[in-house]
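Asks: Spelled out, the chains give:
Protein chains: 2
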Amino acid sequence: MNNRPIGIFDSGVGGLTVLKEVAELLPDENILYLGDTARVPYGIRSPETVIRYSFECTEFLLRQNIKLLVVACNTVSAISLHKIREAVSIPVIGVIEPGAAAAVNATKNKRIGIIGTEATIKSSSYVKAIKALDKDIEVSGLPCPLFVPLVEEGWTEGTIARLIAEKYLKDITDREVDTLVLGCTHYPLLKGVIQGVMNDVSLVDSAIETAKAVKYILDGQGSRDILEDRGQGKLKFYVTDSPDKFISVGERFLQQKIKDIEKIEL
Amino acid sequence: MNNRPIGIFDSGVGGLTVLKEVAELLPDENILYLGDTARVPYGIRSPETVIRYSFECTEFLLRQNIKLLVVACNTVSAISLHKIREAVSIPVIGVIEPGAAAAVNATKNKRIGIIGTEATIKSSSYVKAIKALDKDIEVSGLPCPLFVPLVEEGWTEGTIARLIAEKYLKDITDREVDTLVLGCTHYPLLKGVIQGVMNDVSLVDSAIETAKAVKYILDGQGSRDILEDRGQGKLKFYVTDSPDKFISVGERFLQQKIKDIEKIEL
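Residue numbers (our numbering), protein chains in the order written: chain A, 1 to 266; chain B, 1001 to 1266.
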């Protein structure tokens, strides 16, 4: 039992899909979410800059006395997760390893596809994480740059979303993968459209897999928060730029109201 | 006669539409283009940061001995054009005033639409520039956030581009504008699709209008470059991040090969 909060950070709103799954799986936990919205997107920055920003986010959340840190950002998970792990004494969970492990478990024909931003695909971080588990698996990565703006615009169903998904995913359909990893925190909002295009393929939702990893670690440490009022865990949000757009886009991601939000400086 | 180069800068590739028009209108001129690709996009940064970055770009180009500066970036044109003008002794041309003036000349029913990024529309910079010329004109601004990634992906024609344009432009069609300003340097690549959706509306291409303003100023100063080999003006490119993506996307913007390119630090 440990009623300290879980901390989650991302460069923007994307990590809210991870928060949503953690809050659903562990409804008693208090969770702090930090979106570094003044400096989004991290994917276009140099590794040195990404490392510096991610340590600033980490240090802010540590000062709020968190018991576990979720790095809900693919770029940071790829570039500086190991450095953060070395530097802090609490458990640190990224979004790449849980998705990679779930994909390795799911595939039968040993052909896995990964979709993500250009930066994530270029980093080969999913390929490395999958090959570390089973070097015989064939991994095909495909960047889908229009998916993030499509999700942020709220156009997650209908003809336009379907045609864009068909156009991108044709390449990966041709490679006969039986498992596809949604390797970007925005993509779970397009799950319906993507599944419609890839009927027979198992979709791996990194946000869900990351939430399972959080539960696994807290259970293993006996540090889950068991409140008297079940399901009453509180959510608190921090952003580094004006909260307006974060709230309007974020409420679509979370499918609930964002109430307790504060602008901070890092 | 003055064979010093013209300098053009933008946060990324967008300003290449302006370079293309300047080079077509003034084929004898040598032109330097600086894309601050390490720090793109400027539209999400604070005004203080945009001012600092734009001065760094300006100072770099001044050191190359340019005779005229084109600020081919809507964000910088909106936020720091007047500050740059105060600070330097050569003519400085932005992308907003020429487009606004052309729209005021073109409209018959005094209803003008502006499309651009969220940052440009939110800044109201076109509205202010148009109202300064004719306060009775009604101006409707509409952000089209998917247009930039659509252009960078190269999907500038076909069904997806048409459906996205129809969806965005419906709002502005309802307002019965007779003139529409393409208020983002990426949008000229979607001109065909946009004109298809807005049949009877005059499109104002800020890139073309900016090029006309450059010619007008150089003619007025008698400082146009008249080379012996006509049409042999040279183009030279500087970027602040790896040139690879700039070249592949940029060649679509320019419709010619990008040969002479150098990575610099600002």
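Hints listed in this document are in silico derivations from the structure and should not be mistaken for laboratory results. Bear in mind that the values here come from a model prediction, so they are computed numbers and not experimental data. One should not assume that every hint holds.
Heads up, simulated DSBU-like pairs for lysine-lysine below, C-alpha to C-alpha not over 30 angstroms straight-line [stated by the list, open to error]:
| # | chain 1 | residue 1 | chain 2 | residue 2 |
| --- | --- | --- | --- | --- |
| 1 | A | K245 | B | K1170 |
| 2 | A | K263 | B | K1236 |
| 3 | B | K1067 | B | K1135 |
| 4 | A | K170 | B | K1122 |
| 5 | B | K1245 | A | K245 |
| 6 | A | K167 | A | K83 |
| 7 | A | K128 | B | K1215 |
Asks: Look at each hint and say if it fits the structure.
Replies: Hints, verified against the model:
{"no.": "1", "hint": "K245(A) <-> K1170(B)", "in the structure": "holds (23 angstroms)"}
{"no.": "2", "hint": "K263(A) <-> K1236(B)", "in the structure": "violated (43 angstroms)"}
{"no.": "3", "hint": "K1067(B) <-> K1135(B)", "in the structure": "violated (34 angstroms)"}
{"no.": "4", "hint": "K170(A) <-> K1122(B)", "in the structure": "violated (37 angstroms)"}
{"no.": "5", "hint": "K1245(B) <-> K245(A)", "in the structure": "holds (29 angstroms)"}
{"no.": "6", "hint": "K167(A) <-> K83(A)", "in the structure": "violated (38 angstroms)"}
{"no.": "7", "hint": "K128(A) <-> K1215(B)", "in the structure": "violated (54 angstroms)"}
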